[in-house]
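Chains as they are written, first to last, in the numbering used here: chain A, 1 to 202; chain B, 1 to 371.
The hints are simulated quantities; they were obtained by calculation from the structure and are not laboratory data. Take every hint as true, because none was put in to throw you off.
Taking lysine to aspartate or glutamate pairs in the DMTMM-like style, the calculated list, with each CA pair at most 25 Å apart, reads: (1) A/Lys190 x B/Glu149; (2) A/Lys53 x B/Asp264; (3) A/Lys60 x B/Asp264; (4) B/Lys258 x A/Glu137; (5) B/Lys143 x A/Asp200; (6) B/Lys258 x B/Asp231; (7) A/Lys155 x A/Asp56.
All of these numbers come straight from a predicted model, not from anything done at the bench.
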Amino acid sequence: MASSKDNLLTYQLIAGCSAILYSSIVLLVLIMPLYYLEGAVKGFISFSFYQLKMGDTLIKLPELERAISLSIPITLNSLFLLLLGLNSVTYWIYRKHSPVLARLMFPTSMATVFSTTFFYMTHTVYILKVVESLTGEYVVTNSAGILILGEVILKSSPLADMMISPTPFLSLSILNAVLSTMWILRIYTKLSSQSIRNRDQK
Amino acid sequence: MREKTKRIIQILYVFFIISFSIGGRFLPTPLGFFTVSGFSMYPTLKPGDLVIGVGTYISPYKEGDVVIYCRDISTCIVHRLMLVNNTYAITKGDYNPSNDPPITVDSIRFKVVGSVPLLIWLPLAVASLIFIFFPINPGKGFKQPFVLETFVFLIFLLVNLAYLTIYVLQTPPALTRIPLPTVSLATLATEKGYSTIIIDYRLTGLSIRGVEECLLIAQSLTTQCSRYNVDGNRILVDPPAEFYKQLYDNNLSAFIVKLTLSLDQGTLVGKYPFVIEWKKPVLVIVNDKLVLSNPNPVPIEIIGYRIRSYTENPRTLHVDEVIEYSSSGFTLQPFETREIDLAWTLSTSYVEVKYIFMNQTFTWVGRLGKQ
Numbered sequence: 001m002a003s004s005k006d007n008l009l010t011y012q013l014i015a016g017c018s019a020i021l022y023s024s025i026v027l028l029v030l031i032m033p034l035y036y037l038e039g040a041v042k043g044f045i046s047f048s049f050y051q052l053k054m055g056d057t058l059i060k061l062p063e064l065e066r067a068i069s070l071s072i073p074i075t076l077n078s079l080f081l082l083l084l085g086l087n088s089v090t091y092w093i094y095r096k097h098s099p100v101l102a103r104l105m106f107p108t109s110m111a112t113v114f115s116t117t118f119f120y121m122t123h124t125v126y127i128l129k130v131v132e133s134l135t136g137e138y139v140v141t142n143s144a145g146i147l148i149l150g151e152v153i154l155k156s157s158p159l160a161d162m163m164i165s166p167t168p169f170l171s172l173s174i175l176n177a178v179l180s181t182m183w184i185l186r187i188y189t190k191l192s193s194q195s196i197r198n199r200d201q202k
Numbered sequence: 001m002r003e004k005t006k007r008i009i010q011i012l013y014v015f016f017i018i019s020f021s022i023g024g025r026f027l028p029t030p031l032g033f034f035t036v037s038g039f040s041m042y043p044t045l046k047p048g049d050l051v052i053g054v055g056t057y058i059s060p061y062k063e064g065d066v067v068i069y070c071r072d073i074s075t076c077i078v079h080r081l082m083l084v085n086n087t088y089a090i091t092k093g094d095y096n097p098s099n100d101p102p103i104t105v106d107s108i109r110f111k112v113v114g115s116v117p118l119l120i121w122l123p124l125a126v127a128s129l130i131f132i133f134f135p136i137n138p139g140k141g142f143k144q145p146f147v148l149e150t151f152v153f154l155i156f157l158l159v160n161l162a163y164l165t166i167y168v169l170q171t172p173p174a175l176t177r178i179p180l181p182t183v184s185l186a187t188l189a190t191e192k193g194y195s196t197i198i199i200d201y202r203l204t205g206l207s208i209r210g211v212e213e214c215l216l217i218a219q220s221l222t223t224q225c226s227r228y229n230v231d232g233n234r235i236l237v238d239p240p241a242e243f244y245k246q247l248y249d250n251n252l253s254a255f256i257v258k259l260t261l262s263l264d265q266g267t268l269v270g271k272y273p274f275v276i277e278w279k280k281p282v283l284v285i286v287n288d289k290l291v292l293s294n295p296n297p298v299p300i301e302i303i304g305y306r307i308r309s310y311t312e313n314p315r316t317l318h319v320d321e322v323i324e325y326s327s328s329g330f331t332l333q334p335f336e337t338r339e340i341d342l343a344w345t346l347s348t349s350y351v352e353v354k355y356i357f358m359n360q361t362f363t364w365v366g367r368l369g370k371q
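Extracted from the complex, chain B is given alone in its bound form (with noise of 0.2 Å):
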């Protein structure tokens, strides 16, 4: 009679394992056992992980829902339901940077309702076969020869194999890669008038020492930087004034900024790009005054200027008085601005001012008109 128990067991559990992780794969069984072969769930689901799954007609699936679905008989996945409509449905691998193709939703089987970790049903599942199989005999005890050394030595396989297990089979390949510290760029910008160039940085796990290097380079121009100076991530240049000329005179606006930085740890060699914006300068008539305006970091030659003032008969139209005025050249230095008193002038008057812009000769003309 105990006989017939024991092998009634024993081919219950055949029939179990069978129906339910071979079975699964094809028939419509309630319960599905599949094993993990992968890092496509990691750290969800572990390679080896035993993966517990219900019936999709049994319990209803959503999205989010970890669910097993079969390509074909040998090829079953456990992936992360993302969309799910009538038709098709898409998941995804947690592991994974991207959705898996749309399946139809036929195809879903089972719905994940949990794992059990390697570590745990393997030795399980061996230990219920020996006892099932292969029944042993507790009452004999250490006492007899090579069993306590067979104990002792299953222990310290069994620590082994753990690790291995567990560091080895169960952790995803990682790429040895030292963190290592950053430096980027974090602005560039011009202030006073491209006087000062600002160079400002992110910077993480780095502190700037000191600047080795500074060079202006446009085209075959070179030049050092007169002065510069480090103010915690950001470098202050300023450029020499003959630079800005040599620029000026060579109808070039663009240039780089070529910095070697020594920081606390290795060098930056850097090269940034700055445009300049050369502008016409500013001529207005405000207030019985003509006011010249430089907006440049180098001086604009100025001609010469001039006047032609007089005064009209309202009722004849007739030009009474003309008074004409002419002067010569100056030099209106970066960023200057002048002003020509126009106060003596009559009551209409005509200012015409010449320049030398981008070399190249510009006429400006404006009226001033007294009541």
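Excised from the complex, chain A in its bound form (with noise of 0.2 Å):
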């Protein structure tokens, strides 16, 4: 039969994983691109930064560099929960139980649903809107007659359809989140089930 600490460490081994998992997904589709432009517009569009050129002119625009901003949260979240992660593993390889560590990981993922929440509000809301108001033929015309600077391309990767619904990461968020929490009632019961104990033989 296993003992009280064996099973601890096997919460904790469990949360860390599930917490690398998620984080280093996470911080993966935050450098990764989800849109390509061809045409008139060359670059690349990724949540954490972008890269549009027209001719040799980089662009600037207002929305993605807010939509920038808006992914530092879940950045932050995500290096946050990967740090504790990692460290639960390592604690589990020198067979060793920190309920610190699952004080803080159970919040952080906790944290990450919200997080992630936002992060596609992030994508809905400003990304896919200038993405879709880039694409389309560039025509002005003034003074000096029409000038035609050519059609912009669209191709999304398919990291981006795959984040056009929110289900797969936002299941794996709570996930994570039950996880940590079911270390964390671990501890806890384990420690009042002690307390009560302590209590008896008193």
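Got two chains here, separate frames each, mind docking them using the hints?
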């Protein structure tokens, strides 16, 4: 029969791995290009940065700058979660259980559910809207005549197609939160049973 | 006693909030607190900012100050005072393109003396509310179950909300517009008597690579430009002489230069109108010479000229000697000036020149008198 420590270590490992997996996926999604633009405007757009060029001129778009700023909370959240996950696994390798890690991982994992929601809002409200408005024919009429700059074609990466539905990421963040909740609850259950036992012994 | 003090503080807190926030809208309170709810004063004031106003009966206002006026209890406006006199005032939101309708000076209730950003006043208000109404014991610390957890969770939640507030709620909606390179027409000109057409552009972020097509169009006439070249931001077009001849023969004076330019990014298609002013040939007698000048880019047909020269007896006023001379016509080439010597003529001469201009025959007569 597994001891109480082994049981807690198993929770630590599972919650740690889940935290590493989730935060790594989020950090990857943040840096991987979501959309590619070809034609008059060339470049790519990802959650945390973008590079758009018209000819040799770099284009700055306020709405995309704003979207990038909105990805800062989830970046901080994911980095902290990754750090906690790596620590949990390292402690598990040395067969050590750390309740402090559990106490930190639980609120961080819960916060990722909110961060993921904001993350989706950033995607749907800003990035998708901006990207859609960038496509089309660029024709300008002025005193010199008709300036035909060409067409802008949008190509979305498979990642962007995946991002259209919030289900996979939200499910992952909820799963991660559930696992860390189970871990913390297990610790508090153990602590309360210990305190009851101590009281009974007295 | 402690409970009584706490109760007094709670009542004062509620009284302070009600009197200066809601009460300021209809009572002559010395101070008024208002929250901004739009982008009309952006970036001076952002949505959610707390505005502190001092009653106008305490602090007088002047043009340029930000003031608060109320239309009714529910609608108070924080805008900048643009113009004020004894009866009315005109205000404007810093972010608004135009002035507001005039208001009476009596409706101005407060002069704004300061503002507190949402991210400062809201946490302070929440903290003070918690402190006054739900005091917590800081001695217990993070060792208590779920205290550290709640603290960490709230930090992340606040970070999310702060970013949401700054970048979504407090930033005005902007249209996504790519700053496109621009090209505009600087000048249209002709040089050397229409022999060169100059089309000058003003380019930003673009450069001209070459000319894809150049057409000269006048009604049903369409001709290819015989020569053109790119000189930096300008195109120099040399229309062929035949094109001007066709215009002249058809009594046309307006034409269009249609250019298709290849740019480093994209293409420019432009149509530029030109008007050619056909001028009659200039005929003058100067220094015993008949000078004929053609100011047009087309040849002018001189049908011929005739000279009648005579001497007159000043006493009898009879003509003593008469010489008559006729010459056949010639073509006066574009911009050509030709001189005909009249030194051989007698004391008085009349010169008659016949020419064709715009399909009509004209006669010019000049007199030459010698001393």
